[in-house]
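Asks: Chain residues, written in single-letter form:
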Amino acid sequence: MGMGKGAGMTGRRSNILTSSSARNDYLRGCVLLDQEDSGVTAQDVFNFLRSNIPSLPMRGIQQDLSTYDLFVLWHVATMSIQLSVGNAAHGGPIFLPWHRMYLIRLEQQLQRVLADPNFALPYWDWAADGEIQPPNQQWQTILWSSTHLGDARNEVNSGQLGAMRVRLWQSGGVLWSIDPRPIERDAGRDVPDLPNEDDVIQAHQESQYDQPSWGMGSVSHRNRLEGWLNGPQLHNRVHVWVGGDMSPGTSPNDPVFFLNHCNVDRIWEAWMANHGRVYRPSPTEGPAGHRLNDQMVAILGESMRPEDVLDPTEWYDYDSLK
Amino acid sequence: MTKRNDPSGFAAAIYRDDLAVPEGVVQGEHEHHDTFHSTRASIYRDRKFVIHTTYKIEIDGKPLTMHTKVLDDGSVHCHGLPNYSFSSALDMVKKIIDSERPLPNDELGSDCGDPDGHGEGSGHDGQA
Numbered sequence: 000m001g002m003g004k005g006a007g008m009t010g011r012r013s014n015i016l017t018s019s020s021a022r023n024d025y026l027r028g029c030v031l032l033d034q035e036d037s038g039v040t041a042q043d044v045f046n047f048l049r050s051n052i053p054s055l056p057m058r059g060i061q062q063d064l065s066t067y068d069l070f071v072l073w074h075v076a077t078m079s080i081q082l083s084v085g086n087a088a089h090g091g092p093i094f095l096p097w098h099r100m101y102l103i104r105l106e107q108q109l110q111r112v113l114a115d116p117n118f119a120l121p122y123w124d125w126a127a128d129g130e131i132q133p134p135n136q137q138w139q140t141i142l143w144s145s146t147h148l149g150d151a152r153n154e155v156n157s158g159q160l161g162a163m164r165v166r167l168w169q170s171g172g173v174l175w176s177i178d179p180r181p182i183e184r185d186a187g188r189d190v191p192d193l194p195n196e197d198d199v200i201q202a203h204q205e206s207q208y209d210q211p212s213w214g215m216g217s218v219s220h221r222n223r224l225e226g227w228l229n230g231p232q233l234h235n236r237v238h239v240w241v242g243g244d245m246s247p248g249t250s251p252n253d254p255v256f257f258l259n260h261c262n263v264d265r266i267w268e269a270w271m272a273n274h275g276r277v278y279r280p281s282p283t284e285g286p287a288g289h290r291l292n293d294q295m296v297a298i299l300g301e302s303m304r305p306e307d308v309l310d311p312t313e314w315y316d317y318d319s320l321k
Numbered sequence: 000m001t002k003r004n005d006p007s008g009f010a011a012a013i014y015r016d017d018l019a020v021p022e023g024v025v026q027g028e029h030e031h032h033d034t035f036h037s038t039r040a041s042i043y044r045d046r047k048f049v050i051h052t053t054y055k056i057e058i059d060g061k062p063l064t065m066h067t068k069v070l071d072d073g074s075v076h077c078h079g080l081p082n083y084s085f086s087s088a089l090d091m092v093k094k095i096i097d098s099e100r101p102l103p104n105d106e107l108g109s110d111c112g113d114p115d116g117h118g119e120g121s122g123h124d125g126q127a
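Quick mapping for you: the protein sequence lines, in order, are chains A and B. Following numbering that gives the first Met the number 0, the numbering of the first sequence begins with 0 at its first residue and continues without gaps. Following numbering that gives the first Met the number 0, the numbering of the second sequence begins with 0 at its first residue and continues without gaps.
Please note: incorrect hints may appear among the correct ones.
What the hints assert, rightly or not - 25 Å max Cα-Cα, derived SDA-like pairs, lysine to any residue:
#1 K94/B <-> N229/A
#2 K55/B <-> G214/A
#3 K94/B <-> P134/A
#4 K94/B <-> N153/A
#5 K68/B <-> V24/B
#6 K2/B <-> V30/A
#7 K2/B <-> T40/A
#8 K2/B <-> A162/A
#9 K93/B <-> R188/A
#10 K2/B <-> Q210/A
#11 K47/B <-> S83/A
#12 K68/B <-> S83/A
#13 K2/B <-> N46/A
#14 K68/B <-> P53/A
#15 K47/B <-> N229/A
#16 K93/B <-> H36/B
#17 K2/B <-> G161/A
#18 K47/B <-> Q210/A
#19 K55/B <-> K2/B
#20 K94/B <-> R152/A
#21 K47/B <-> D72/B
#22 K2/B <-> Q110/A
#23 K94/B <-> A162/A
#24 K55/B <-> R39/B
#25 K55/B <-> V92/B
#26 K55/B <-> A40/B
It should be emphasised that the hints constitute simulated quantities derived from the structure, not laboratory data.
Chain A extracted, bound-state conformation (with noise of 0.2 Å):
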């Protein structure tokens, strides 16, 4: 499918609260992927967790599944294999470039149902929400409204994300497949108020990707972007302010998981363009599975190596950095 560095089209990534077609592709791509039958069945799934991923296991009805599933699938098998140091996407320095890989691996399927090759994901700017007073009106923005992301409490049945279903849920460590059910959402309610622009500028004054101890407690762009420092902030507070299907491994069943992650990897962009494209554990330190020249976990399309997506130029950039 040419899925792999060099496949020759870039886009350019924009705010989806400013570039019209770039949300209304989005919104409608996400349905379109959504709404296309895989060719795997919640029974195909269950086979592949019991021989490859046995810490997932799988219950639920038998059904068939999108192609949008598969990307639930591929974050929360992901996230069950465990290393020393977090898992295989997250609570480690591997966070970013794993969900560089993911995110480019949606954008070609946007760009394939859309038929436009040079589609780019946006990004929502949450410090520029979190700087909304009082909190209680973050969530009362244009955004949650039926012409952009639809309800920010409860069923999302408004706007074109009101088509989308959900299909495979996690709970605690079992993933079930469930009659299909609108998106849910409890924004606001766990925590009061979205990341703020001082938390954005604190990451950005890390002056080390990563550090050991690596893990959770990490002193370090990287860990302070992922939000565990102090946390839940930044990256995961996005996470725990949407709530409802934002919270299991099964986050990606909202499409804001990919605008917060689109955020992030902005942000990540940015940090790298004033302090180098530099990476830590390199091949000879640190923990197994966050190394520079390590495997990433793919399910779907060709791996990837942390080294491979620092420099993210052949496949899109940002329209701003600020």
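Fit chain B to the known structure of chain A by using the hints.
Replies: Relative to the frame of chain A, chain B by itself:
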């Protein structure tokens, strides 16, 4: 749903049993236990100290089997709520209870019994 035209190529890994996983995978890390141990270690003024913490949590008399640990800052984290950290384990359990949802019967042939030590259809191990 419309049918995509390349299912075998796009999702090929799902039909294999040799998914490439990273070196260093911790086998059995997420097996279902009912007690969880965390160890925090540091050095302060040339003195090395270690703090061992054990959690054993029950809801309605049934053990909570989600992997739970203490972070360096003393907050509590559980695997099933991957982005959360709680200042108190009490708050974590309340969130787990708040997140329970009805679950369907199993049609996929799971032979692992009740994988989280709770009754069929209970959501005690989970969250929304």
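Asks: Decide, hint by hint, whether the structure agrees.
Replies: For each hint, the structure was consulted:
no., hint, verdict
1, K94/B <-> N229/A, "19 Å, holds"
2, K55/B <-> G214/A, "24 Å, holds"
3, K94/B <-> P134/A, "21 Å, holds"
4, K94/B <-> N153/A, "16 Å, holds"
5, K68/B <-> V24/B, "18 Å, holds"
6, K2/B <-> V30/A, "14 Å, holds"
7, K2/B <-> T40/A, "13 Å, holds"
8, K2/B <-> A162/A, "17 Å, holds"
9, K93/B <-> R188/A, "14 Å, holds"
10, K2/B <-> Q210/A, "46 Å, violated"
11, K47/B <-> S83/A, "22 Å, holds"
12, K68/B <-> S83/A, "14 Å, holds"
13, K2/B <-> N46/A, "22 Å, holds"
14, K68/B <-> P53/A, "21 Å, holds"
15, K47/B <-> N229/A, "23 Å, holds"
16, K93/B <-> H36/B, "21 Å, holds"
17, K2/B <-> G161/A, "21 Å, holds"
18, K47/B <-> Q210/A, "20 Å, holds"
19, K55/B <-> K2/B, "47 Å, violated"
20, K94/B <-> R152/A, "17 Å, holds"
21, K47/B <-> D72/B, "17 Å, holds"
22, K2/B <-> Q110/A, "17 Å, holds"
23, K94/B <-> A162/A, "28 Å, violated"
24, K55/B <-> R39/B, "18 Å, holds"
25, K55/B <-> V92/B, "12 Å, holds"
26, K55/B <-> A40/B, "21 Å, holds"
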